[in-house]
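**Student:** Residue-level listing of the chains:
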Amino acid sequence: MTAASVTANAPATPESAARVGPIEGLRQTATLAWRTLVQIKHNPWELGDFSFQPIMFVLLFTYVFGGAISGSTGAYLTFALPGIIVMNMLFVTMYVGMGLNTDLTKGVFDRLRTLPLARWAPLAGRITADLVKQAWSIVLLLGVGAILGFRIGTSVVELLAAVGLILVFALAFSWVSVLVGVLAADPEKVQIFGMTALFPITFVSNVFVPIETMPGWLQAFVNVNPVTLLADASRGLMVGGPVAGPVIGSLLWATAIAAVFGPVSVWAFKRRV
Amino acid sequence: MPVPAVEAEGLVKTFGSTRALDGVDLLIPHGTVLGLLGPNGAGKTTCVRILSTLLRPDSGSATVAGVDVLADPDGVRRRIGLSGQFAAVDENLTGFENLYMVARLYGMSRTHSHDRARQLLSRFRLDEASDRPAKGYSGGMRRRLDLAGALVAQPPVVVLDEPTTGLDPRGRMETWEVIGELVTDGASVLLTTQYLEEADRLADTIAVIDRGRVIARGSSDELKAQVGGERLELVIEDPIHVPDAMRVLAGIGTGEPSVDEPARRVGVLVDGGAKSLVEALRRLDLESITVVDVGLHRPTLDDVFLALTGHAAEIPSASSSEGATE
Numbered sequence: 018m019t020a021a022s023v024t025a026n027a028p029a030t031p032e033s034a035a036r037v038g039p040i041e042g043l044r045q046t047a048t049l050a051w052r053t054l055v056q057i058k059h060n061p062w063e064l065g066d067f068s069f070q071p072i073m074f075v076l077l078f079t080y081v082f083g084g085a086i087s088g089s090t091g092a093y094l095t096f097a098l099p100g101i102i103v104m105n106m107l108f109v110t111m112y113v114g115m116g117l118n119t120d121l122t123k124g125v126f127d128r129l130r131t132l133p134l135a136r137w138a139p140l141a142g143r144i145t146a147d148l149v150k151q152a153w154s155i156v157l158l159l160g161v162g163a164i165l166g167f168r169i170g171t172s173v174v175e176l177l178a179a180v181g182l183i184l185v186f187a188l189a190f191s192w193v194s195v196l197v198g199v200l201a202a203d204p205e206k207v208q209i210f211g212m213t214a215l216f217p218i219t220f221v222s223n224v225f226v227p228i229e230t231m232p233g234w235l236q237a238f239v240n241v242n243p244v245t246l247l248a249d250a251s252r253g254l255m256v257g258g259p260v261a262g263p264v265i266g267s268l269l270w271a272t273a274i275a276a277v278f279g280p281v282s283v284w285a286f287k288r289r290v
Numbered sequence: 063m064p065v066p067a068v069e070a071e072g073l074v075k076t077f078g079s080t081r082a083l084d085g086v087d088l089l090i091p092h093g094t095v096l097g098l099l100g101p102n103g104a105g106k107t108t109c110v111r112i113l114s115t116l117l118r119p120d121s122g123s124a125t126v127a128g129v130d131v132l133a134d135p136d137g138v139r140r141r142i143g144l145s146g147q148f149a150a151v152d153e154n155l156t157g158f159e160n161l162y163m164v165a166r167l168y169g170m171s172r173t174h175s176h177d178r179a180r181q182l183l184s185r186f187r188l189d190e191a192s193d194r195p196a197k198g199y200s201g202g203m204r205r206r207l208d209l210a211g212a213l214v215a216q217p218p219v220v221v222l223d224e225p226t227t228g229l230d231p232r233g234r235m236e237t238w239e240v241i242g243e244l245v246t247d248g249a250s251v252l253l254t255t256q257y258l259e260e261a262d263r264l265a266d267t268i269a270v271i272d273r274g275r276v277i278a279r280g281s282s283d284e285l286k287a288q289v290g291g292e293r294l295e296l297v298i299e300d301p302i303h304v305p306d307a308m309r310v311l312a313g314i315g316t317g318e319p320s321v322d323e324p325a326r327r328v329g330v331l332v333d334g335g336a337k338s339l340v341e342a343l344r345r346l347d348l349e350s351i352t353v354v355d356v357g358l359h360r361p362t363l364d365d366v367f368l369a370l371t372g373h374a375a376e377i378p379s380a381s382s383s384e385g386a387t388e
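If you read the sequences in order, they're chains A and B. Per this note's numbering, the first sequence starts with residue 18, numbered consecutively. Per this note's numbering, the second sequence starts with residue 63, numbered consecutively.
Take these hints with a grain of salt, some might be off.
[To be verified] Calculated pairs, PhoX-like style, for lysine-lysine (alpha carbon to alpha carbon, straight line, at most 20 angstroms):
| hint | chain 1 | residue 1 | chain 2 | residue 2 |
| --- | --- | --- | --- | --- |
| 1 | A | Lys123 | A | Lys206 |
| 2 | A | Lys58 | B | Lys197 |
| 3 | A | Lys123 | B | Lys337 |
| 4 | A | Lys123 | A | Lys287 |
[Claimed, not checked] Under 8 angstroms between C-beta atoms, here's a sample of chain A residues computed to sit facing chain B:
| hint | residue |
| --- | --- |
| 5 | Thr48 |
| 6 | Leu54 |
| 7 | Val55 |
| 8 | Lys287 |
| 9 | Arg288 |
| 10 | Arg289 |
[Unchecked claim] Beyond 12 angstroms from chain A on every Cβ pair, some chain B residues (computed):
| hint | residue |
| --- | --- |
| 11 | Ser79 |
| 12 | Arg140 |
| 13 | Ile142 |
| 14 | Gly146 |
| 15 | Lys197 |
| 16 | Val221 |
| 17 | Arg234 |
| 18 | Val321 |
| 19 | Pro324 |
| 20 | Gly334 |
| 21 | Val354 |
Please keep in mind that the hints were generated in silico from the structure rather than gathered at the bench. For each residue, glycine too, the CB sits at the ideal point set by N, CA and C.
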């Protein structure tokens, strides 16, 4: 073999290059998801991050602002809980980027890359683990909501559709988190991004406050904010009200986010490793 | 005749304007240890990353256990175990979970993964800490865990990138023992190191690398013979006389004298054997410099390095890292 015969763009010979199959890849994804979730056992505070924090938001907004905004805490809870679930979903997606960044900066990713893994398994593992955390948070918030007096005004099917829609959006938004995780210098920076970008996006929406009281120019933004659309869709499916428009809007946003951030993240990822 | 563990030809890798590798050839016969010796930034880690499929060379070719690193990276990954310079340990997992995860990722069954993880933990004396998160491990323990991770699938080729950098002497001895056992078990090893002593002790063949090129290769004995002569070492009684002693030795030796100030030890390469020794003692006596110890040895790899590169091997510090400069 000469130096010229194998250059960086030499084609792989199919018979020798046995790639990892999809079944094996799924198994590896499950192992890597397990790895992310089993950590909670050793570090229960992480559970607190995506459990107590949203509960605190529910309690705080319902009992401090609820009366002033909606006239009664009960009415406010019905209005706000679906949106708080959406907001929490966005924050939880940041774990994908933080975990990924930790692996990259600590050298764990190098170890993974020297194993015969399906190329997509490490990312898929992170995202799978994230979906489990997402599902847990949603159930938890619905449970706490039920205790405080939140009632589902629709059917089980519509409730499940709402949960499904939120998870689909989480999947799409995870790509933003992946990109931040790849670009950030350390995990703390991922967290800082989450705080500085997600707080305005969620507060400048109709998650906490009905849109009517805002100035016109702000309403224009709030109306197209995907968080507003997703919150409206969730309200429609959980409590009742218009569904079709917000659901379609949310799905369009999810598609657009995945279509832009998916390829960009993969590109940035390949550049970094 | 088994295929060589590693065979690399003409590896070139450029980062921006830096030519990290400038045409490196390596051959590791089956069942042997190659020591890749060089200072920080010489290109050792780049070599390791190419051979372990983490990096593609700009040009050149390489096979690991007969499998081409460019055409079949997954095939290479099934045959190597890499333990890098920075312990690649998931801090939030316990020692057991770290190894269990790696075993599962190789496709081992749950029972087999469990047994393999426990087996490695006891071999690396981590059984007591095995169910604590790795976050609380000492540097040496993390290194051992990382090394264990590289050995989960009993790979025929093991790549160790500066396995003892930053370890205390005891940790270093333990790592050396493990590497010795690996070879006894039939593995081939590529070992990079900045410690001449380490290469001298573990490697069957040594390739000295400096600024992206292999500048010498051979067994430790061959390299020492290449330098020729012997090494004269003296311990001076009074530290005040050390500079004078160095001046005297400079007049006798074939190279620059070296000095270890705290030990008051001065040395130089000589080609006259016992005659040079007598001459040195005579001249020192004339200047009334008292010598408390004297010896004539074969040259060390330090001498080899100095002779080959024109500069001494840099003393590695735990904080410096080749990865950061490459």
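**Student:** A separate judgement is required for each hint: does it hold in the structure or not?
**Tutor:** Hints and how they fare:
1. Restraint check for Lys123(A) and Lys206(A): the C-alpha separation of about 15 angstroms stays at or below 20 angstroms, so the hint holds.
2. Restraint check: the Cα-Cα separation between Lys58(A) and Lys197(B) comes to about 14 angstroms, which is no more than 20 angstroms; the hinted pair holds.
3. About 56 angstroms separates the Cα atoms of Lys123(A) and Lys337(B), which puts this hinted pair outside 20 angstroms; it is violated.
4. Distance check on the hinted pair: Lys123(A) and Lys287(A) sit about 17 angstroms apart at the alpha-carbon level, within 20 angstroms; holds.
5. This hint holds: Thr48(A) has a C-beta 4 angstroms from the nearest C-beta of chain B, less than the 8 angstroms allowed.
6. A least Cβ separation of about 11 angstroms between Leu54(A) and chain B goes past the 8 angstroms threshold, and the interface hint is therefore violated.
7. With 8 angstroms as the threshold, the beta carbon of Val55(A) comes within range of chain B, its nearest partner Cβ sitting at about 6 angstroms, so the hint holds.
8. The restraint placing Lys287(A) at the interface with chain B is violated, with a minimum CB-CB distance near 11 angstroms, outside the 8 angstroms limit.
9. Using the Cβ-Cβ criterion of 8 angstroms, the hint placing Arg288(A) at the interface with chain B is not satisfied: the shortest such distance is roughly 13 angstroms.
10. About 12 angstroms separates the beta-carbon of Arg289(A) from the nearest beta-carbon of chain B, more than 8 angstroms, and the hint is not met.
11. No beta-carbon of chain A comes within 12 angstroms of the beta-carbon of Ser79(B); the shortest separation is about 19 angstroms.
12. With a minimum CB-CB distance of about 5 angstroms to chain A, Arg140(B) fails to clear the 12 angstroms threshold, and the non-interface call is violated.
13. Against chain A, the non-interface label of Ile142(B) is violated: not every CB pair exceeds 12 angstroms, the least being about 7 angstroms.
14. For Gly146(B), the requirement that its beta carbon stay farther than 12 angstroms from each beta carbon of chain A is not met, with the minimum near 6 angstroms.
15. Annotated as non-interface, Lys197(B) brings its C-beta within 12 angstroms of a C-beta of chain A; the closest such distance is 8 angstroms.
16. Distance to chain A contradicts Val221(B) as a non-interface residue, since its nearest Cβ pair spans about 8 angstroms, not more than 12 angstroms.
17. The beta carbon of Arg234(B) is kept farther than 12 angstroms from every beta carbon of chain A, the shortest such distance being approximately 21 angstroms.
18. No Cβ of chain A approaches the Cβ of Val321(B) within 12 angstroms, the least distance being about 38 angstroms, so the stated non-interface status holds.
19. Remark: the non-interface label on Pro324(B) is consistent with the geometry, its nearest Cβ contact in chain A lying 35 angstroms away (cut-off 12 angstroms).
20. No Cβ of chain A comes within 12 angstroms of the Cβ of Gly334(B); the nearest lies about 45 angstroms off, and the non-interface call holds.
21. Every CB of chain A lies more than 12 angstroms from the CB of Val354(B), the least distance being 47 angstroms, so the non-interface label holds.
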